[in-house]
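These protein sequence lines are chains Y and Z, in that order.
Taken in order, the first sequence gives residues 453 to 1302; the numbers are from the numbering used here.
Taken in order, the second sequence gives residues 17 to 127; the numbers are from the numbering used here.
To be clear, the hints were calculated from the coordinates, so they are not data collected in a lab.
Check before you lean on any hint, since a few could be wrong.
As the list claims (entries may be wrong) - Computed footprint of chain Z on chain Y, listed as stretches where at least three residues anywhere in the stretch have a Cβ under 8 angstroms from a Cβ of chain Z:
no., stretch
1, 543–550
2, 691–705
3, 1213–1225
As the list claims (entries may be wrong) - If you want a taste of the chain Z side facing chain Y, the calculated C-beta under 10 angstroms gives, among others:
no., residue
4, G57
5, P96
6, P116
7, G118
Claimed, not checked - Restraint ranges, calculated between C-beta atoms of paired labels, are given here:
no., chain 1, residue 1, chain 2, residue 2, range
8, Y, R1239, Z, E67, 24 to 32 angstroms
9, Y, P807, Z, Q71, 23 to 31 angstroms
10, Y, T570, Z, E67, 36 to 44 angstroms
11, Y, D1212, Z, E72, 19 to 27 angstroms
12, Y, E802, Z, Q71, 48 to 56 angstroms
13, Y, G1057, Z, E72, 57 to 65 angstroms
From a predicted model like this one, the values you see are computed outputs, not experimental measurements.
The beta carbon of each residue, even a glycine, is placed where N, CA and C say it ideally should be.
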Amino acid sequence: MELTRRKFVKTTAVALASAAAAGTMATMAGCAGEPAKGGAQAPAGQGDVTRTVGVCRFCGCGCGVIVEARDGRLVSVTGDPENGSNRGLNCVKGYYLASALYGDDRLTTPLVRDDKATKGAPGGLREATWDEALDLVASKLRETWKADKSRLAFWGSGQQPIVEGYCTAKFWKAGLLSNNIDPNARLCMASAVVGFMNVFQTDEPAGCYADIDEADVFVTWGANMAEAHPMLYSRLTARKLADDRVRHYDLTTLRTRTSASADKVLMFKPGADIAIANAIASYLVENNLYDKAFVADHLQFKQGTENIGNAFEDGYDASETGQSVDAVTSITFEEYAARLAPYTLEYAEEVSGVPAADIQELAEVFADKSRKVLSLWTMGVNQHNRGTWMNHCIYNIHLLTGRYARPGDGAFSLTGQPTACGTAREVGTFSHRLPADLLVAQEPHRRYTEAIWSLPEGYLDAIAKPGFHTVKMFRELSKGNIDFLWSAHNNWAVSLPNLTRFLGRGDKRGVIDAFICVSEVYPTLSTQYADVVLPAAMWVEREGQFGNGERRTAVFEKAVDPPGDARWDLWMLMEVAKRVLAGEQIGGKDAFDVLFGAWYDPEAGAFRGTDREVSRAIWEEYRTFSNPALNEAAAAINESAGLKMEAKQLAPYDLYIDNHGLTWPVREVDGEWLPTLWRFCDGPQADGFDEQGVERYGEHDRAGGVSFYKSAGKRPSVVFRPWEPPAEIPDDEYPFYLCTGRLLEHWHTGSMTRRIAELDRALPEALLDVNPADCERLGVKDGDRVRVTSRYGSCDITVSTTGRTAPPEGIVFAPFFAEETLINLVVQDVYCPLSKEPDYKKTTVSIEKI
Amino acid sequence: MKRRIIIGAAGALLALSLAGVAGCAAPAGLGGAGDAARAAGEPALMPASHEGRFQELGAPGCYGCHGAGKDADSLLAQAPALPADHYVDGDPATREVFGPRGECITCHPQG
Chain Y
453 MELTRRKFVK
463 TTAVALASAA
473 AAGTMATMAG
483 CAGEPAKGGA
493 QAPAGQGDVT
503 RTVGVCRFCG
513 CGCGVIVEAR
523 DGRLVSVTGD
533 PENGSNRGLN
543 CVKGYYLASA
553 LYGDDRLTTP
563 LVRDDKATKG
573 APGGLREATW
583 DEALDLVASK
593 LRETWKADKS
603 RLAFWGSGQQ
613 PIVEGYCTAK
623 FWKAGLLSNN
633 IDPNARLCMA
643 SAVVGFMNVF
653 QTDEPAGCYA
663 DIDEADVFVT
673 WGANMAEAHP
683 MLYSRLTARK
693 LADDRVRHYD
703 LTTLRTRTSA
713 SADKVLMFKP
723 GADIAIANAI
733 ASYLVENNLY
743 DKAFVADHLQ
753 FKQGTENIGN
763 AFEDGYDASE
773 TGQSVDAVTS
783 ITFEEYAARL
793 APYTLEYAEE
803 VSGVPAADIQ
813 ELAEVFADKS
823 RKVLSLWTMG
833 VNQHNRGTWM
843 NHCIYNIHLL
853 TGRYARPGDG
863 AFSLTGQPTA
873 CGTAREVGTF
883 SHRLPADLLV
893 AQEPHRRYTE
903 AIWSLPEGYL
913 DAIAKPGFHT
923 VKMFRELSKG
933 NIDFLWSAHN
943 NWAVSLPNLT
953 RFLGRGDKRG
963 VIDAFICVSE
973 VYPTLSTQYA
983 DVVLPAAMWV
993 EREGQFGNGE
1003 RRTAVFEKAV
1013 DPPGDARWDL
1023 WMLMEVAKRV
1033 LAGEQIGGKD
1043 AFDVLFGAWY
1053 DPEAGAFRGT
1063 DREVSRAIWE
1073 EYRTFSNPAL
1083 NEAAAAINES
1093 AGLKMEAKQL
1103 APYDLYIDNH
1113 GLTWPVREVD
1123 GEWLPTLWRF
1133 CDGPQADGFD
1143 EQGVERYGEH
1153 DRAGGVSFYK
1163 SAGKRPSVVF
1173 RPWEPPAEIP
1183 DDEYPFYLCT
1193 GRLLEHWHTG
1203 SMTRRIAELD
1213 RALPEALLDV
1223 NPADCERLGV
1233 KDGDRVRVTS
1243 RYGSCDITVS
1253 TTGRTAPPEG
1263 IVFAPFFAEE
1273 TLINLVVQDV
1283 YCPLSKEPDY
1293 KKTTVSIEKI
Chain Z
17 MKRRIIIGAA
27 GALLALSLAG
37 VAGCAAPAGL
47 GGAGDAARAA
57 GEPALMPASH
67 EGRFQELGAP
77 GCYGCHGAGK
87 DADSLLAQAP
97 ALPADHYVDG
107 DPATREVFGP
117 RGECITCHPQ
127 G
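Work the whole structure out from these sequences, hints included.
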C-alpha cells in the first residue's frame, strides 16, 4: 500500500517536478507552465507564470495545494503531493479555490456607514479612504477603551492565519489589556479543547491523519466526514477498500453520506451518545475486558459536578451551578466502575433507541486487542449541551482499552476550520488564553508571556480574569452592553446561533447602536450590520500560515496582489493599533514600539520588509513560546514553574516552507528538524514518534509504549460523566429536533463558495431534509415551502426527502450556508456549560406548510 | 464495501436500465470534460442526469463509463475518460482506481 501510494504521488508530481525539486516553490517568472485551459477566467497568451505552495482556505483537513498564477491572476489550484496531510488530492472546494478570489462583488474600497438606521439591509455604506476608515475605527476603539474596557470586543476566527492571530491577541491582551477576544472556533472546537485539557492537560490530538491508513476499525461519532472532511473520508474509504476486514461503525442521529461506508449504523436519539459510551465502558469493566496494564501504568479516575442544567439564561455562568461545572474529585477505579454500573446495555438501549446487541458488538470491538480501533468525531459531539462530557466519554473508552496515542489505534478529534488549531488554539485567541496553551488566570503563565513580550513583570495581572466567550459577547451586544466590536475572518450574522436575538429582531437594539467594524472580502449579512467595512486581502493575496487538525503547520505563500485598495489584515491591525496606542507607554517606552516595532514602522505606515520577512519575524517571536531557550528570562520561568513549554516545540519559519508543512512538536536532532506524528508514543523520532519528548519528560517501557508526560502525574484522567438529557425535549408544540451542519460544496456561510459558479450550481439551495413519514403527517411533499419555528425564531425553507441526509422520524436537518435561508434564526443559543460551545444539533422546532 | 476492480464495475453497469445508461452520454458544456470555462485542475461536475448514481452504485457505477480510457474499454466512447492519475500507480493498465479517488462525488458533485 505504501509503495503504491508513493508511486502515485511521484506520478502526480511529474508536472510539478521542476518546482518541487527545489523543495520550495520559488517564483519562476517567465517559465512556461502547463498551458491553462481556462478561457473566461484566464488572460489569454503566455505571461509570467508563478507556482507557489499553499494550504486550502477551507476546512480543517488542511490540504496542501499548488497555486499557479499567470499575469498576476490565479489560474489553477491543484493538490500538493509533497504535503503529508493530503498527498496530492483535494476535494471539489479545493480545486475551485482560485475562483473564490474573483467573485464579481469583491470588496476593494473601505466603506463607511453614516446612518445607523440603514443597518440590517443592503446599502447604506459609502466609499471612504483608508485614512478616514482607520481613523474612525481607531477613534471608536480608543474612546470605548478609555471609557469602559468591558464594552469592547474582538471576534476572530479559526481562519485567521497564525501570525495575524498572534498579533491580534498581543494587541488585545497586552496593548488594550482586554480579554474580550474570542474566535468562532468557540462554535466548533471549544468542547474538544476543554476535553483535551481536562483529560490530558494539553490541547492537542495525539494522533495524525496517517492513523487512518493503519486502523482496522473506524468508529465515527457524530461526524459527517464525507461532507465536512472530504479528503479524510476518502482516505478512510480507501483504507476500507484495501482490506475487506476493515470495519466502520457510524454512530449518528441521522443517516449521512458517511453512513454509506458503515458496516453498521447505530442511530441514536439526540443526546443519548453519552449513555451509549458509558454502556460500552461499563461492559468493558464489568466483563474484565479492559487493559489492566494500561490502567495501572497510565490512568487516574475522577468524577465531577453533575446535574448541571442548561445555559438558557445569561446569568448561568455566574450562578452557583455555572461556577462549579469544572470541579472534579478523584475516585478509585472501583468507584468509577460503580458509577458506570447503572449503564447496562439495556438501559443504554432504552435511552438511545440503539439495540443492546449493537452496543455490545461495538464494545466487543473495543475489547479485541488484535485489532486497531480509531474513533473520529466532530460537531455532533462538540456542538452538544454536554459536548465536553461526550469528549471525555470517548477518551474513557479508548484509555480503558489502551487505545490512545498509538498508530492506527486512537481517538481523533477532527477540527472544523483550517487553522482552528493553529491560531485559535495554539496561538490562543480565546478570552481565557495566552499563546501556546497558557492561561490568563495562571500567574506563572502571565510571567512567562511578559518575558517574551518584553512587558514589565506583573503587567498582565490586569487580565487575570477571562473575558467574554463568544455567546456571552453577542448576548451582551444584543443587550446594548458592547460599544465596539471588530469581527474578522468570519460571518457572525449567518453563523451564530439564535440570530433572532443577535440580529436585533425584536426589542434588542444593541447591534444597531454598537459601532461594528467588519474586515471582509465580500458583502455578507455581517457587513450589513457594519459601521465600517475594511476590504481585506484574501488567502494567497498575502503570505499566511495555517495549523490543521493533525498539528501540521503550513505556510501559504503570497501568489498575487489583492485587488483595488484591499489590504492585508495585519496592516489594518497595525494601523489601528498605532492610532489607538498613540501616546501610550508600557514600562516607560512607547507602547506600539514595544509590541510591534520590530516588524512595523508606524511613521512610514509600512512593514519593515516583505510579507515573508514580516511573517518570519513574527513567527520567530511566537516560536519563542515553545523554544524558551531563545529567551533567557522565559527559560528561567519555564524551569522554575515546570511549564514544559518545549513540549509543543515549533521550528524556524522557513523550514515549514521547505517541507510543505511540519507536524509539531518539531525537534532538532543533529542540526535537522524532525516532525512528530505520534505524540507521546515512544519510538524513533526519525519515524515520526515522540522520542525526544518521552526521553526528556516521560518514561520508557510503560504499557502500550506510550508516556503521557504532559498530564498531571503523567496520568490522563478518566472522568465519569453521566447521561443528562438535551436542553430541550420535543413536545406537542415543538415536536421535532432540528440539526444543522455543513455540506460538501459549501464552506460555512457560503460567502466564498457560493461565488464559485460550479459549487453554487452543484448545491444552489439550503433544503430541509425531512423523513417521508413525517412529511405525510405534516401534509407536505418534496419542494413544498414550510416554516420552521422554535422558541427562538423561525425560518422559511423548502422540504426535501431526497437530500443529503436521511433523518429518522422526529429529526430534520438543514445546512447553514445560505443567508437567504437563515436557519440560525431558529437555532438555540444554549451551550455546553464547560466549553461554552453552542448546541447546534438539538433545537426543538415545529414545522408548518406555508 | 468491495474492492473496486474494473471487471466488477462493468458488471454493475450492465445491470442498469437502458435509460440510465443513456443518461451517461452527457453533452459537453454541462460541466463535462469539454467545459472550456474550467481552468486546469478543476474537476468536472456530474451532469444532472447522473443524480443518485453514485449513491446507488458507488465508484463502479462511474467506472463503467468513464473507466480505463484509451488504454482499455470504457463502455461509452463519448464519456470523458478518467485521467491516468486516478489509477493505482498512475497507470490505467492497472484497471484499479487509486484508493482515495474512489469517492467520486468528493470532487465531482452533481452539477
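Going through the hints against the structure:
1. 543–550: holds (count 5)
2. 691–705: holds (count 5)
3. 1213–1225: holds (count 3)
4. G57: Hint on G57 (chain Z): holds, closest Cβ of chain Y at ~4 angstroms, below 10 angstroms.
5. P96: Interface hint status for P96 (chain Z): violated (13 angstroms vs cutoff 10 angstroms).
6. P116: holds (4 angstroms)
7. G118: With Cβ-Cβ at 6 angstroms, under 10 angstroms, it holds.
8. Y:R1239 x Z:E67: 24 to 32 angstroms: The hint (24 to 32 angstroms, Cβ to Cβ) holds, given that R1239 (chain Y) and E67 (chain Z) are roughly 28 angstroms apart.
9. Y:P807 x Z:Q71: 23 to 31 angstroms: holds (26 angstroms)
10. Y:T570 x Z:E67: 36 to 44 angstroms: Given range 36 to 44 angstroms: holds, Cβ gap about 43 angstroms.
11. Y:D1212 x Z:E72: 19 to 27 angstroms: Check passed, 25 angstroms falls within 19 to 27 angstroms.
12. Y:E802 x Z:Q71: 48 to 56 angstroms: violated (33 angstroms)
13. Y:G1057 x Z:E72: 57 to 65 angstroms: Since the Cβ atoms of G1057 (chain Y) and E72 (chain Z) sit about 60 angstroms apart, the hinted range of 57 to 65 angstroms holds.
Consistency with the previously given hints fails for numbers 5, 12, ordered from lowest to highest.
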